[in-house]
Each structure stands twice: as C-alpha cells, then as structure tokens.
Amino acid sequence: MAPRFGVSDFVAITNQTLEYAFPLVEVEGEVASFKVNQGKFVFFDLKDDQASIGCFMMLFQLRVPIEDGMKVVVTASPKLTQWGKFSLTVKSIRPSGEGSIKKSFELLKAKLEKEGLFSPERKRLLPKIPRHIGVISSTQAAGYADFIKILNDRWGGLRVDVASVAVQGSEAPDQIIRALNYFNTQDELPEVIVLIRGGGSADDLSAFNDEQLVRAIAASRVPVLTGIGHETDTSLCDLAADVRAATPSNAAQILVPNKQDIIRQSKMQVQMLVPQILGIVERFEQKIEGRVEEAADATQRRLDQYRRYLAQTQRLLAQFDPQRVLERGYALVRGTMGPGEVIEIELARAIIKAKVESYEQK
Amino acid sequence: MSKSDKPTIQEKIEQLDQLAAWFDGDDFQLEQASEKLKEAAKLATEIEQDLNSVANEINEIKKSFASDNGQ
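These protein sequence lines are chains V and U, in that order. Position 235 of the first sequence, counted from 1, bears residue number 235 in our numbering, the numbering being contiguous throughout. Just so we're on the same page, our numbering is the position in the second sequence counted from 1, plus 1000.
These are computed hints drawn from the structure, not numbers from a lab. Since the model is a prediction, treat every value here as computed from it, not as a measurement. Be careful, since some hints might not be right.
Below, computed lysine-lysine pairings styled on DSBU-like, alpha-carbon distance capped at 35 Å [stated by the list, open to error]:
(1) V/259 / U/1063
(2) V/123 / U/1062
(3) V/85 / V/114
(4) V/353 / U/1038
(5) V/287 / U/1036
(6) V/128 / U/1062
(7) V/79 / V/102
(8) V/102 / U/1006
(9) V/123 / V/102
(10) U/1038 / V/123
(11) V/259 / U/1006
(12) V/91 / V/111
(13) V/128 / U/1012
(14) U/1038 / V/287
(15) U/1062 / V/259
(16) V/109 / V/35
(17) V/267 / U/1063
(18) V/114 / V/35
(19) V/123 / V/91
(20) V/40 / V/85
(21) V/103 / V/35
(22) V/91 / V/102
(23) U/1042 / V/40
(24) V/35 / V/79
(25) V/103 / V/40
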C-alpha cells in the first residue's frame, strides 16, 4: 500500500530525502533570467537544451559577476519549496568554460579598475631583504615546493610563516582571505605576504578572480606579492597585489637576492678598495710633488728678483765712481786754494802739480 | 640593529657599503685606510660565512583556515 502524507509532511520528507541523497551538488548550466531583488536576493534559472531549474542565492554569496548566457557551475542544495516548486539554493557559483570565465573576469576587472584597486599609485615597494615573510599556499602543491626550494637556494636566515590553504575550488577564496586576515592581525607583522599557486587550468585558477579575495589583497596592511600560475596567467589578485611575480619560483627571485651574487659583490667591493687606496696614495704623492715644484719655482723667482736688484744697484753705484767722471773730461783738484799755492790736479790719465796764480770767489 | 644586538646579514651588507663609500667620501683619511680595509675584508668574510651557514626557519601555522572558527 502506498504511503500517505499531508502536503506539508510530503514537502518536508521530500526535502529530507533530497538532503540525505544530495546534501550538496554541483550543477553546470547556462544562466537565464538573472535578477537581484531588494538588493540582496539573487534569482536565476540554470538551463541546458532540455531542462531548466530555478536557483536562489543571497547577493553576498555572489563572488563573481554573472550575466545571462554565461555558463556556470553552482554548488547548491536541492530543495522543494512550500509552494511545491523545485529549486536550488546556491552556496557558490563560478563561471565555467573559457568564454564565461573570460567574460566574468573582464566584467569584474572593469568594475575593480574603476574603483582604483589596480592603480599603480597604490603599489608599495617590497622590503629589499625581508627577514619575516608570510606565505599563503597549499603546502602540498608543486608551486609551493618550487618557491621554498628557490628561496632556500637564494637566501638564509628568513623567518617564513606558512598558512596552508586550499588554492583551488570554491573554498579557496575564503581560506585565503582568512589567512590574509591572520597575517594582518599578528602582533609581529610579516614584512611581506606571498600568495603562491602553481600552474593550472583557467578553472583551477578562477579562485584568484574572486571579488572578495581581490578586495582583501588590496586592503592588506602588509604588502602582497603574488606568484600564481604560469607567466601567461594574470589573475585579478595579481593586478591588486603590490608586486606580481610570473611564477612561484619568480616570486622567490623577486623576494630575496641571490646569496652567491651578494658574496661575489662583497668580495669585489673589498678587492676594489686596494687599487682605490693606491690611487689615493698616488694622488697624494702627485700633490706633494706639485707643492715641492711650486716651492722651487718660488725660490728661483725670488733669487732672480734679488739678482736684478743687485745689478741695478751696481749700475747706479758705477755712475758715482770718480774715475768715470774723470773719464768724461773732468778733473779733481786738491790742495789749498790761494795765489802762489801748489795744487794737485788729477785727470783720467795724469796727475798735474800746478801753482795757483789767482783765486777769486765766483 | 637586530634585537639581539648581533648585526643581521643585511646590516653587515649595509656596513660594508658604508665602508666602501668612506673611501670616496670627504671623511677619508689615509692613516685610517688600512684599518678600514681590514674591517671591510672581515665583513665580506662574515657575510659569506653567514649566508652559507644560516638556514631559513619555516613554520607551518597550526591554525586551520578551512572555517572561520578553525583553530
């Protein structure tokens, strides 16, 4: 005999059965009749070419832009409403397929760009050589292993705090946000937070295009460095980060210098000092030689000056020599001047004795 | 200077940079050059030793980030 139920009981037992059989399902389909009511309730239909299911979710659960025609995967609980309508109560939704992922990416990128979240003015410099870093990644992931290996090869003495989180799937954005909040609320803040995830499909990396996660990165007190996917992958988290590395390995390269380079550079610095000192000594010597030459020149100049003075004085003295006067025809007269007196007259070439005949005052 | 007053690698690199800059600066004195050169050589050796001997300390945080109240 078939079981009999009241209507409410039947709806309740159907929901119990659904909950037991499908507590959470993922359903892929195309979005139609998308609308937001009262600024908080989201309604849309999920359809394929043969069927359609009504979907309901809260606006805060909507982490990526959705439009009619986009292919999505919803994580939801199936439910029969009290009006007998079957629907999916959606916990999370993400674009599916290259076209939809790209479309959703572009819509959110445009929105956040308009708000200035990717603005170059917001970017902060990373410390030259950090001492304390926070890493957010899955410790099981190859990308994390690459990052740690390169980090250890390049530098030592770092304190590396690692928050292991899911880096793909619907849980990933919230876990990463919690890890960001954790690092940002520590008494001893790390100097930089590094978000690491190795390569993957567009779907795998879609967690890094989550609106709330992108906002959390932009709001981080601690500068954020991202190393997500491969060189060709650019997520919205990359755009919001202070610095974007092309890969996890590249993130380690950006974060710390290569110790071999530093050792080489330190040795080179010291080696360069020796010729530098020799150069300085040589310049000192040249300077001293220059001074000595200057002193010798000055002495010579002074000697020349004295010689010229001496010659000039000699010429002057020569002019007063009595012999020179005699040579010019004058005579020196000696003796008592008076009539009858004998006087001596000296010429240039002769001395004459003469008697004075007369003597008169002029 | 670090908390333990023992200079870190980065501080030693900065000290070496300052020493090298001293040789180009106005404070240079020939009488002190030999001492400063010895100091620079000692720093370069210490930097090499530190870099080759110090390992990174990697701590995985025990807290679970799977849910808001995860411990």
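Hint check:
For a cut-off of 35 Å, the pair hint linking residue 259 of chain V to residue 1063 of chain U stands: about 32 Å separates their Cα positions. Among the hinted pairs, residue 123 of chain V with residue 1062 of chain U is consistent with the structure: their alpha-carbon atoms are about 31 Å apart, no more than 35 Å. Simply put, residue 85 of chain V and residue 114 of chain V have alpha-carbon atoms about 40 Å apart, too far for the 35 Å limit, and the pair is violated. Pair hint residue 353 of chain V plus residue 1038 of chain U does not hold up; C-alpha atoms about 97 Å apart against a cutoff of 35 Å.
A C-alpha spacing of about 23 Å is found between residue 287 of chain V and residue 1036 of chain U, which places the hinted pair at or below 35 Å, so the restraint holds. With a CA separation close to 29 Å, the supplied pair residue 128 of chain V and residue 1062 of chain U stays within the 35 Å bound. Between residue 79 of chain V and residue 102 of chain V the alpha-carbon distance is near 31 Å, which keeps this suggested pair within the 35 Å criterion. In summary, the hint linking residue 102 of chain V to residue 1006 of chain U is not supported, as the alpha carbons are separated by about 52 Å, beyond the 35 Å threshold.
Distance check on the hinted pair: residue 123 of chain V and residue 102 of chain V sit about 25 Å apart at the alpha-carbon level, within 35 Å; holds. The hinted pair formed by residue 1038 of chain U and residue 123 of chain V fails the criterion: a straight-line CA distance of about 41 Å is larger than 35 Å. The straight-line distance between the Cα atoms of residue 259 of chain V and residue 1006 of chain U is roughly 19 Å, inside the 35 Å bound, and the hint therefore holds. Restraint check: the Cα-Cα separation between residue 91 of chain V and residue 111 of chain V comes to about 23 Å, which is no more than 35 Å; the hinted pair holds.
Restraint check: the Cα-Cα separation between residue 128 of chain V and residue 1012 of chain U comes to about 14 Å, which is no more than 35 Å; the hinted pair holds. Between residue 1038 of chain U and residue 287 of chain V, the direct Cα distance comes to roughly 26 Å. Compliance with the 35 Å bound is thereby established for this hinted pair. Between the alpha carbons of residue 1062 of chain U and residue 259 of chain V the distance comes to roughly 30 Å, so the proposed pair stays at or under 35 Å and holds. Between residue 109 of chain V and residue 35 of chain V, the direct Cα distance comes to roughly 21 Å. Compliance with the 35 Å bound is thereby established for this hinted pair.
About 44 Å separates the Cα atoms of residue 267 of chain V and residue 1063 of chain U, which puts this hinted pair outside 35 Å; it is violated. A C-alpha spacing of about 23 Å is found between residue 114 of chain V and residue 35 of chain V, which places the hinted pair at or below 35 Å, so the restraint holds. Proposed proximity of residue 123 of chain V and residue 91 of chain V is supported: the alpha carbons are some 33 Å apart, at most 35 Å. Restraint check for residue 40 of chain V and residue 85 of chain V: satisfied, since their Cα atoms lie roughly 21 Å apart, inside the 35 Å limit.
A distance of roughly 18 Å separates the Cα atoms of residue 103 of chain V and residue 35 of chain V; the hinted pair therefore holds under the 35 Å criterion. Taken as a hint, the residue 91 of chain V and residue 102 of chain V pair is honoured in the structure, with Cα atoms around 22 Å apart against an allowance of 35 Å. Under the criterion of a C-alpha separation no larger than 35 Å, the hint pairing residue 1042 of chain U with residue 40 of chain V is inconsistent with the structure, at around 67 Å. About 20 Å separates the Cα atoms of residue 35 of chain V and residue 79 of chain V, which keeps this hinted pair within 35 Å; it holds.
For the suggested pair residue 103 of chain V and residue 40 of chain V, the alpha carbons sit about 23 Å apart, so the restraint of at most 35 Å is met.
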